[in-house]
Amino acid sequence: MTDCYQYQYLMHAILASAGAHANLLYGNTEPGTAVRHRQNAIQGLNEALARWPLQADEAHAMLATSYLLAFQSHFMPDGFADYILSMRGSFQLKDVLRAQQLRGVFELELEDPGQLTVYLRPQNFHVLNQKLLGDALLSLDAIFPMVDSPSTHDIEKAIYQKLVEAVRYVVLVPRMHNIPDTVETQTPDPVQAAAEICKIDCLLQSQEWPQKEVIHLLSPSNTLSQVIMSHYAALRFVLTPLCAPELGMGTHVKAMVEWCEIMLGNVKDDGQIRWTDHVQWPARVTRAMRRCVNENQHLTLGELFDTLVEDPQY
Amino acid sequence: MKKGIRCEYPTIFNQKQHDRIVSEVLNARRPQMPLSPNPTEYTANDMRLFHHFITAAHLPVYESAWIRDVPAMSSEVLHTPGVLSA
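Protein chains in written order, with the working numbering: chain B, 1 to 314; chain P, 1 to 86.
Calculated from the structure, these hints are not laboratory results.
Quick caveat, the model's predicted, so the values are computed rather than measured.
Possibly wrong hints are sitting among the right ones.
[Said to hold, decoys possible] If you want a taste of the chain B side facing chain P, the calculated C-beta under 8 Å gives, among others:
no., residue
1, S17
2, A18
3, F106
[Stated by the list, open to error] List time: in silico SDA-like cross-link candidates among lysine to any residue, alpha-carbon distance up to 20 Å:
no., chain 1, residue 1, chain 2, residue 2
4, B, K94, P, V61
5, B, K94, P, Y62
6, B, K94, P, E63
7, B, K94, P, P60
8, B, K268, B, S219
9, B, K157, B, M146
[Unchecked claim] Now the stretches of chain B that chain P is said to cover, found in silico as 3 or more residues with beta-carbon under 8 Å:
no., segment
10, 55-68
11, 246-257
A virtual CB, placed ideally from N, CA and C, is assigned to each residue, including glycine.
Using the sequences plus the hints, can you model the full thing?
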């Protein structure tokens, strides 16, 4: 596998992700280095994609590059859209490698759906802040009329619906005025709640929706989608005690807090709707996360998990 | 030599080791890497970042791939064991 060629774009991707990670840990000592390597990696990857058909060695180098670009986005304050698009590219490339049976460094088998349960921690259901979740449901309920509009895209409706279901599965006393209650059981089901959140991840990263729709969803000028996605990002934080993968505990979440802050900043009132009223809940969660980041300096998922489990009222 | 005692290694041991190592090196399937006509020049800071990637900044899944196989695919210059363990 390794006795083949050199892939400069892969090296650039390695240096780009390491640079972004180092900037996060030690401050931006070399501004521009990570971005410059990222540009070179993207350019090289595009050139490699044009060389068809794929050879197994290079295909895995391309997949590694794509993963690294997504990984780097995790450290970039404005990297949310890049992260989603890079992950979509990685999934698509992996599908091609699997279809062509191009074996190499990475496993190409389909993920076992049963693996999902490994990441779930339903035993932590009791530490979830019921007041906060109840407010989340009310906040989602308040934007239902806008989501229900004929001009709303299906992808926005799909994500909104999964958000409502996720919250609905963990709220003990649901209060809703606008949303039709589709959850039949009145018994909380934290496993199902976490599964709904994971479905949103899959929906964004897989090819289930065309790229055009995903770009519409991620557009900073699309106020409704920014409202929905800020709820999604905030809910990910709140449900961390339920679904934090063991291998991801060392992941830094500072940039994810910054993603939320940017989304919230994109939400402006217009002549008809006071949109800022509809992001009060995600703004409240984001402020708490910002405080947590500032207190911990370099907040990891594991530290966030411990904080939320030990202090549910945080 | 500390106490005036001279270290003596059995000749047969040395010879065996020598033969084994030479044999392994000669029989090993050595990488064939065409050198790029326009090699990228890496800076000292790039080396620092590469080391940071290996030791701290790689993805948490498939760890062996990220610290061994992927760096080896990335460049003919930087994937020597000396650099990896620096």
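_Holds or violated: K94(B) and E63(P), Cα atoms, limit 20 Å._
The hint holds at about 18 Å.
*Cut-off 8 Å, beta-carbon criterion: hint that F106(B) touches chain P*: This hint holds: F106(B) lies near chain P, its Cβ roughly 7 Å from the closest one there, short of 8 Å.
_Residue hint A18(B), partner chain P, criterion CB-CB below 8 Å_ = 4 Å, holds
*Do the alpha carbons of K94(B) and P60(P) lie within 20 Å of each other, as the hint requires?*
19 Å, holds
*For the segment 246-257 of chain B, does the count of residues with a C-beta closer than 8 Å to a C-beta of chain P reach 3?*
It holds, with 4 qualifying residues against the three required.
*Is K94(B) within 20 Å of V61(P), Cα to Cα?*
Holds. K94(B) to V61(P) sits at ~16 Å (cutoff 20 Å).
*Is it true that the CA of K94(B) sits at most 20 Å from the CA of Y62(P)?*
Answer holds: K94(B) to Y62(P) is near 15 Å, not above 20 Å.
*S17(B) as an interface hint toward chain P, with CB separation required under 8 Å*: 6 Å, holds
*Checking C-beta pairs, does the segment 55-68 of chain B have three or more residues closer than 8 Å to chain P?*
Since three or more residues must qualify, the claim that chain P covers the segment 55-68 of chain B holds, with 6 doing so at under 8 Å.
*Within 20 Å, alpha carbon to alpha carbon, are K268(B) and S219(B)?*
Given that 20 Å is the threshold and the Cα spacing comes to 14 Å, the pair holds.
*Do the alpha carbons of K157(B) and M146(B) lie within 20 Å of each other, as the hint requires?*
At roughly 10 Å apart (the allowed maximum being 20 Å), M146(B) and K157(B) satisfy the hint.
Checked against the numbered hints given earlier, this structure breaks none of them.
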